[in-house]
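Asks: Following the hints, complete the assembly by docking chains H and R onto the known chain E.
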Amino acid sequence: MNPSYSVIFFTTASGTGYGLLALLGVFATAGWLPADPWLGIVGIGAALALVTAGLLSSTFHLGHPERAWRGLTQWRSSWLSREGVVAVATYVPAGLFGIGWVFLGDTGGFWAACGLAATALAALTVGCTAMIYASLKPIPRWSNIWVLPVYLLMALAGGGVAATLLFAAFGSGPHWTGWLAAGALVAAWAAKFGYWGSIDGAAPRSTAESATGLGGIGKVRLFEPPHTGTNYLLQEMGFRVARKHAQKLRRLALLSGGAVPAALCAITAISEPGWPGTLAAVLAATSFGVGIVVERWLFFAEAEHVVMLYYGAEAA
Amino acid sequence: MPEGGSIWSPQEAVELSPSVSDEVKTTTCYMCACRCGIKVHLKDGAVRYIEGNKDHPVNRGVLCAKGSAGIMQHNSPARLSKPLKRVGERGSGEFVEIEWDEALATAAEWLGDIRKTDPRKLAFFTGRDQSQGLTGFWATQFGTPNYAAHGGFCSVNMAAAGLYTIGGSFWEFGEPDWENTRYLLMFGVAEDHDSNPIKTGLGKLKTLGQAKFVSVNPVRTGYSAIADEWLGIQPGSDGLFVMALIHELLKAERVDLDYLVRYTNAPWLVRNEPGSPRHGLFVRDRNGDPMAYDSKSGRLVNALLPDIAPALQGSFDLHESAPGEGGEPALAIPAFQLMAERYLDDTYAPDAVAATTGIPADTIRRIAAELAHAAFEQQIEIDQPWTDWAGRHHDKMIGRPVAMHAMRGISAHANGFHTCRVIHLLQMLLGSIDCPGGFRYKPPFPRPAPPGPKPAGKAHEVAPNTPMKGPPLGFVTGPEDLIVEDNGAPRRIDKAFSWEHPIAAHGMMHTVIANAHAGDPYPIDLLFMFMANMSWNSSMNTAGTIGMLTDKDPATGEYRIPKIIYSDAFWSEMVPYADLILPDTTYLERWDCISMLDRPISTADGPGDSIRQPVVAPDRDVRPFQDVVIDLGARLGLPAFTKEDGSPRFPGGYADYIVNHERGPGVGPLAGWRGEDGETHGKGAPNPRQLERYVENGCFWHEKLAPEQRYYKHANRDYLAYAHKMGWIGSPDPIVMQLYSEPMQKFRLAAEGHGPKRAPAAHRERVRTYFDPLPIWYPPFAEDDAVRTEYPLHALTQRPMAMYHSWGSQNAWLRQIHGQNRLYVNRATAEKQGLADDDWVWVESPHSRIKVQIKTMEGCNADTVWTWNAIGKRRGAWNLDPEAPEAARGFLLNHLIADLLPPKDGHRYANADPITGQAAWFDLRVRLVKAAPEEAGTSAPQFRVQPEPPTGIKRPALLRYGERFLPRGSWRRGRGEKGK
Amino acid sequence: MTSLPANPSDTKLGLVIDLDICVGCHACAVHCKEWNDGGHSAPLTDHDPYGSDPWGVWFNRVHTFEAGEGADSRTVHFPRSCLHCDEPACVTVCPTGASYKRAEDGIVLVNADACIGCKLCSWACPYGAREYDDVDGVMKKCTMCVDRIYNDNLAEADRVPVCVSTCPANARHFGDLGDPSSEVSQLVAARGGYELMPEMGYAPVNRYLPPRPRKVSAGDTGAAAALTPVDHSGDVGVPEIGTGSRLLDWVDRMLSR
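Residue numbers (numbering that gives the first Met the number 0), protein chains in the order written: chain E, 0 to 315; chain H, 0 to 979; chain R, 0 to 256.
So here's chain E without its partners, still in its complex pose:
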């Protein structure tokens, strides 16, 4: 599939934003959050900013952004619609949570409940995003059981890294957050390994023979495409990334999005409050940012659409 940068940015940015929001909600409930309004402003602000930027960018690839509201109407059948609804709904508890924290300096009781609700909706939103892809049978590498856990854990990991940076910068909050982030990163990339193993080993679901029904005659090869030029399908779904290239990128993603930030978050966790820990957290966030974008780019680039079986692909 042709990697659409607006969608990559959307899933990564909002994923991280929701991750951070979810963690803050849980921490509030557990009473681990200092009632520092500035921390609240920056924390909730950063989370919602990431989420909002992502959601906005996702409308850029629409043919009719002005009709985007219609996307909220078909939650009965459409994961995309559900994602939209839940994403919007998330703002309500998240907003209240923020008000309590920032203006009333209170993150307990009712406000904590709002935080917890925000946590739940954030997770639900990321889950819906994952299900948009996981429900597409024509793209075997997306309709895969690992897609949902990977999206959820990557969001959690991103949130963890963000929280680590947040607390380090303010020198407050649970200093073991770095350990949490590192753990989340390990879990997320473990899931990602599960995904890669699954798609690399997967037997093709469809073939040129099943696509044409001509397998009875023999091996099916495309002789002439319908048009000598390009078309929408080839532009949107004809994207291919060389296996060698993909392997390199996988290593880069793992290193930059997993190993490096995990190590740095651990450093933050063990270092005394102060600039070294903060610097480590900044580097961790930056590195994760790069890594997660590469991971998401690969998620598209490595996905093959069965329609290409009509354009010369042998199996998908």
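What the hints contain is simulated information worked out from the structure, not anything from laboratory work.
Quick reminder that beta carbons are idealized off the backbone N, C-alpha and C, glycines included.
Be careful, since some hints might not be right.
[What the hints assert, rightly or not] Label-pair restraints from in silico Cβ distances:
1. R/A223 x H/T679: 50 to 56 Å
2. H/R907 x E/K218: 16 to 22 Å
3. H/D618 x E/A88: 54 to 60 Å
4. R/A223 x H/A389: 24 to 30 Å
5. R/E103 x H/T679: 52 to 58 Å
6. R/A156 x H/T679: 30 to 36 Å
7. R/A223 x H/G729: 42 to 48 Å
[Said to hold, decoys possible] Subject to a maximum C-alpha distance of 30 Å in a straight line, what follows is the list of computed DSBU-like cross-link-like pairs (lysine-lysine):
8. R/K214 x H/K953
9. E/K136 x R/K118
10. R/K214 x H/K250
Replies: Just chains H and R, lined up with the frame of chain E:
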């Protein structure tokens, strides 16, 4: 579109019954040579939709890809918009637009000067012209023999072989009996003439499921792909394959002797007097009728008599002495025996031909058995009484349900005439011509084999300011009919009807430019052409031809071809090479007539002709070429185009001519609704309302034959009487098929030094060799052993079904389907050469080399490479972007094909069939050489970019033609302009 | 509304495409382009129409495949368009309700006024039936000529999809595949018509008729493997007439003209 429902479920109010059009006009398609009837839907003055006309005999409502893209042709940015006068050097594409008055005055002046001195200095050649009835007549009136259309490089081998053998032909002049046949053998047919009828017929045949369809073709695409059996034959060896089939049938004595005796010249006695000037000619009685030996009476009798019992073999003494043979008995042998003895020879045994044809001997034997089985075991009978030419009544119509069709794959080889003849011979032996289930003639065929008239153009027939007595094209029956000087030199600029190509019935357009450039046989002043892309896909040796068009005589500084007038509707590759351009209309803007005098739309069940009517008015200052020709005829004072007072005879242009011109008494361009009352068909006085009657009837006339007239037309009394009444044949006598061709033998005798008109020494050996009265096979000329080893592959083209010659390349829809052609190579052959898909290779022929991109395939003869015809374009031509794939990566095979054969005793013959002059496109041999990596990406050769057309019409970057039909106020309107 | 119709009718309008007859002429594709360029989804935008990279929106495209190798291989022309599935995920994934399946006849359509152009439906279609028009910013697709098949302005006989009416080889058939007694259903039953990519579970309505087996062996037409030459070695005496070739004695019978 109004929206119903709620935002939760937006219900689209689908407009189920939109008005399709304000007006529907019928006319005839011109997106290829098929001539389908179409219905053009007009909305808000624009063409909304073109569909097939269900009532039309040719296409019965269907329409192919080309026809469906007519809107894009009609709106092409390559259309010319005003007459053009060349201002730059030829080829520069520098023109100024001029008024029609100036253009016509110039043309009339140039033509007038020629006519009053030597009319032969005009070479008038029209390309894919469907008005040859008019253009040929115009040439006759002008007085030049130098006229032809593009038949000479199209498929004259099929036409000539058919007309000289069975008095009809494949092409679009006959058709298989799709419903009744049990076996269809198709040779060398890709998309071709009669394209929709063949598709429809094959669909019908396969749906009925009672017949086997065999396709003989080096390439398995299109029709061949759906054949029950595909024979990937070696190109040019079809004749040998058919001779082997005949060998098998004769050996097993499985031929229809009754059919041969009744309908062919098999029993006619052929003089066996070696050395005598009559050797090989038919024995004739005092009236000149052929004779046969009647086994009943034991005497020689008129072979045309009914109820005789003619012998098919034996050697008979004519009881008369032949001069110069000392009273030796003169012997004669039935034509059948000569034929049988030839093909029974083991030279034609399946095992002997297997290697050359590439078809296993067992397969040949099986096909022969299947043919015999279909013809004799699956004989069909139609309960339809009929009366034969002799008045004998038959209760049933007996059918030998084996049908055949052949086209360019046979035609485009230098042995095509004989190959086509032997296919007809096979049909005769099976008794399957115009019988139920067989090949069927379409009226006005059959005609006598060969039909009249003979070509005009001899010395005494051409004079200044004088029309010729007859048409420039016709059918010669012997040396005395050739258009040659007393010394035997050609008199026509294209050397048609000369000793080099005696039976060039369609002329030889492909030699005109080379001959005119060389002044051989003589220089000309003016080359006048219509609808022929001679500087590109319609020429062999394309680069050389371009050179000839621009070459100047250093002595005078004048172009060697001094003046060129060209008429085309589009900014084609040819336009820049002309001095004066007369812009034509598109096919939706004109009157036209597809005439019985030319190539009508008849079906086997009845005659038909048709017209085009203007369905939209031109939005440019262009005129139909036919109007222009008639206008020029009047300006030149050609008798048939002016009244006694010198005023134009057809002030109403072509429409006027179509209605009022009479070729003979009561015979005009259109056969339908003649006579003052408009109720007679065929012959009748001109009917002023004739065109209205055609329009009322969907722009065609088609008359169904009575059931008793539909088969055995060559010998069917009722049909022959009808054909005679309609004026298609001179007499109601039966048409006798010519298994043995006497005209061929006459040329051979002349080559052996007999008769008053003798072949010049230089041509004798060639004429003697190839003018065999019985079909022979010889390898294509370009193929001596050296060539075969150095250039191991055959190379040929096929016409893509969705693109017709160069016309389609400007078509925004069709060019998306065929924007770049590849060279297709058999997969195993490619692997042996280390070649893979998308590789760039040099294709080298003895003549030249081109660089192309390949694609491998299974369904291709291992020794053959091929490509789609005429996709490659010159950069900038047709108002396409110079980087268009057609130009940057597409290619023309033409560059590899020499227009002349290698020198033989200093003389170079045209690369053509020695009998008909048919261009031998498919005799090409090549080799493949992988291109260097840095050479990949662009095809070669490349030529200077043709500048943008002087019309100033810009090609749009975005096309949303249908937007105009959206409801006013639709948000989708005008989005194209808003940009993206 | 992109949930599938709660109670669809039994009517399932669809196409049956005969791969044994299709000669790959592209008539259906171009004729479809021509009609629909001015039809329900007008226009079908073409980019760079006379340029170096021409491409556009088409609802129907004809591919050519080769199956098998060497002598046993076959060339098969393969028209591809929307299959109007019974389980069209292209409909259910649509977030706006623009993509829908008609309850009355099963035709899958896009409401261009409600489509936001998210392209998700094209990702959800295994058959490449959906084509995005980036100028209109909406998804377009085969409409089964819904603006023809019920069109009161057309003669009864013309109320079929144009790809069917124009097919020169009659390789395309239109009808109700929900009615087992319909001509198309009968055709599918008789010829073993099949679904494309059944493993996807989309339950396509359109069916493809497989190429028939070839007739390339002795006996396939009822004929023998070869003709039997007639042996004349036993013949005695000379022909009654003439002195013709012995081989041709067999033609010496009374034949009447």
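Asks: Tell me the hint numbers this structure goes against, listed in increasing order.
Replies: Numbers 2, 4 and 8, in rising order.
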